[in-house]
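Got chain A sorted already, so can you dock chain B onto it with the hints?
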Amino acid sequence: MLVNSIEKGIVIDHITAGLGAKILEYLDIDLANNTVAFIMNASSKKHGKKDIVKIQNVIDVNLDVLGLIEPNATVNIIENGQIIKKIELQVPERVTNVIKCKNPRCVTSVEINAPHIFHLIDAENREYRCEYCDEIVCMKGDY
Amino acid sequence: MLKGRDLLEPMDFSIKELEDMFDLADRIIEDPAKYVHACDGKLLATLFYEPSTRTRFSFEAAMLRLGGQVIGFSEPNSSSVAKGESIADTIKTVACYADLAVMRHPKEGAPKVAAHSTEMPVINAGDGGHQHPTQTLTDLLTIRRTLNGFDNITVGCCGDLKFGRTVHSLIKALSRYKNVKFVLISPEELRIPDYVRKEILMKNGIEFEEVRSFQEALPKLDVLYMTRVQKERFFNEEDYIRLKDTYILDKSKMKLAKEKMIVLHPLPRVNEIAVEVDEDPRAMYFVQAKNGMFVRMALIMSLLGIEG
Chain A
1 MLVNSIEKGI VIDHITAGLG AKILEYLDID LANNTVAFIM NASSKKHGKK
51 DIVKIQNVID VNLDVLGLIE PNATVNIIEN GQIIKKIELQ VPERVTNVIK
101 CKNPRCVTSV EINAPHIFHL IDAENREYRC EYCDEIVCMK GDY
Chain B
1 MLKGRDLLEP MDFSIKELED MFDLADRIIE DPAKYVHACD GKLLATLFYE
51 PSTRTRFSFE AAMLRLGGQV IGFSEPNSSS VAKGESIADT IKTVACYADL
101 AVMRHPKEGA PKVAAHSTEM PVINAGDGGH QHPTQTLTDL LTIRRTLNGF
151 DNITVGCCGD LKFGRTVHSL IKALSRYKNV KFVLISPEEL RIPDYVRKEI
201 LMKNGIEFEE VRSFQEALPK LDVLYMTRVQ KERFFNEEDY IRLKDTYILD
251 KSKMKLAKEK MIVLHPLPRV NEIAVEVDED PRAMYFVQAK NGMFVRMALI
301 MSLLGIEG
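Just so you know, the protein sequences line up as chains A and B, in that order.
Residue 143, in the working numbering, is where the first sequence stops; the numbers in between run on with no holes.
Residue 308, in the working numbering, is where the second sequence stops; the numbers in between run on with no holes.
In isolation and in its complexed conformation, chain B is listed as follows:
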């Protein structure tokens, strides 16, 4: 059903298609050995125009664990991009060699330009401060496996909600489930962008509140999604320094949270979650990272039309 499609933003797949993919990811987690030759002879291109260790490794590990192979670049200066090649031309060329491509780009909408230029499936692995749909697959799979579903949950998103593309994608994806509420916790300067507030939350009549106080919000939440204040998104370093430590989750603050609340983070973490929180069974961010590889395996198989 997903064969040949692109994944540019979370709404590209229906809820049913997502559920099928999560079911496949669950099967892979249960018995990874069964899938070691699923992508034999297939080639994934990773086009990373800005640094990323986690997402790129996660995709590469996913493809290699399926028996496929990987080509690509992680530094645009080492590719024809440095010669001024357009995104459209790069992807058309890559499509001559690979079966699908993963793109991370600092400009918002770059993977869409790529997808419009080729029949080969294109996966958005993060575009500027805009979207990060495969992180969302990771987040959703983790929520599904720990809370058994998405309906009637209250999700707190904390930190950099302006440039935090993982938050934009997560809100978009969760907006389709029943009675999901959001508590958006950020400093004034890093509030959620208008298009998320108007086009997703308000348009769909989703209950949400925007607050400053982390402590007040914590007891209400079933999921706390922490994000890093991203230095690389700021034009002015002074603003970054002023805002970077606004919210820090530590052991004492965890006491305010529900017993079953889970803490997610797309990683990398800087200091927004104290290391002492890692021991708390509610801290799910490293489990989340592992789930990310499994769900990317399921995604690659689905886009290549390989039966799971």
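Here chain A stands alone, though its shape is the one from the complex:
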């Protein structure tokens, strides 16, 4: 399958196969007004299969979201058809308004203006604690 290179934008490579759709969902990219190529199950020397996301004309994406969902992905910033920057992702220490607390007893379920804040407690397992109710969520799972 052939997908053209982009002149300017961002290429998120080496996404674990199956996580590409989740990344697109969390990145909050306007799919109606941006050119986005989403390649699923591309062959990968390292992992066998991988997903790739290319977004044209967008270089400012929420790196915290990427670090949260797939810290092993590679982020390439493209200008004039060339990679001008490779970004190494970090598992973020704190995320705001990216994930929502699923605890029905959490105040965020009723207080609509309260920001959803999560703090990292275990980088290896990507476990986060809700700022308000201390509920633990694991981003490695099916969250």
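To be clear, the hints were calculated from the coordinates, so they are not data collected in a lab.
Incorrect hints may appear among the rest.
To be verified - Now the stretches of chain B that chain A is said to cover, found in silico as 3 or more residues with beta-carbon under 8 angstroms:
(1) 101-107
(2) 127-137
(3) 195-208
The C-beta atom is built at its ideal place from N, Cα and C for all residues, glycine as well.
Chain B alone, transformed into the frame defined by chain A:
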């Protein structure tokens, strides 16, 4: 040092700050008359979004015994909450009138939302099944006054450890002292939540065991913290009925305990402690309730920056 601060969870205060507060509570207990005008002209707001007699009365009594006054509600339907007002807006409005606020709310983290919305000190008086730090001040003061400290003690927490916010707060607070061990006694369905097990106990290398047998655990304990299985926390009444009488402390079981062990309970009790145990000198739960008022007096004075 504590002037203007919030109390949302036990770790908000350092051990030194807690000790200073307990020293003040001790002084109040010794000579309550000395403090009857300590809070003259000050106003406490009690925002109770769910029923509570003990904690609300304890705070109100504390403020009134310090010469201060109290406003508030004990039933959200009688306030603007019924009109759909947010917690943030309610507390901002209350801050226009009062000097500090106490909040009980069924949702976990509600007092934190309130505290983030105002400069006025906010005290968490219980948020869902999460935390209850002023009950912890009560528990700690009672342990300090009867066992002379917190180091090297074994604390048994029994009953509803899942929704028992007093237990979560107590474990958090005691985790900072030397060589405190926990025996967590509960049915499988009411085990301690993951965040307490992982974030407090395991992370801090605290020795603990989770057991089902009440009788086996009793002889090891210096403190037995009994809790009620809380009907209001269950979504399914059948589960409540099945679990409510799992552990009942009675005279015969007290024979298994150490001579100096103390029995604590945040109250209200249903039937998890038989009334016959009340006569036992180790039963400290009513002393604990009285200590709760004195320690809340010390807390109010500290947050308002009133010298004791």
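Here's how the hints hold up against the structure:
1. 101-107: holds (count 3)
2. 127-137: Since three or more residues must qualify, the claim that chain A covers the region 127-137 of chain B holds, with 4 doing so at under 8 angstroms.
3. 195-208: Three-residue rule met by the region 195-208 of chain B, so holds; n is 3.
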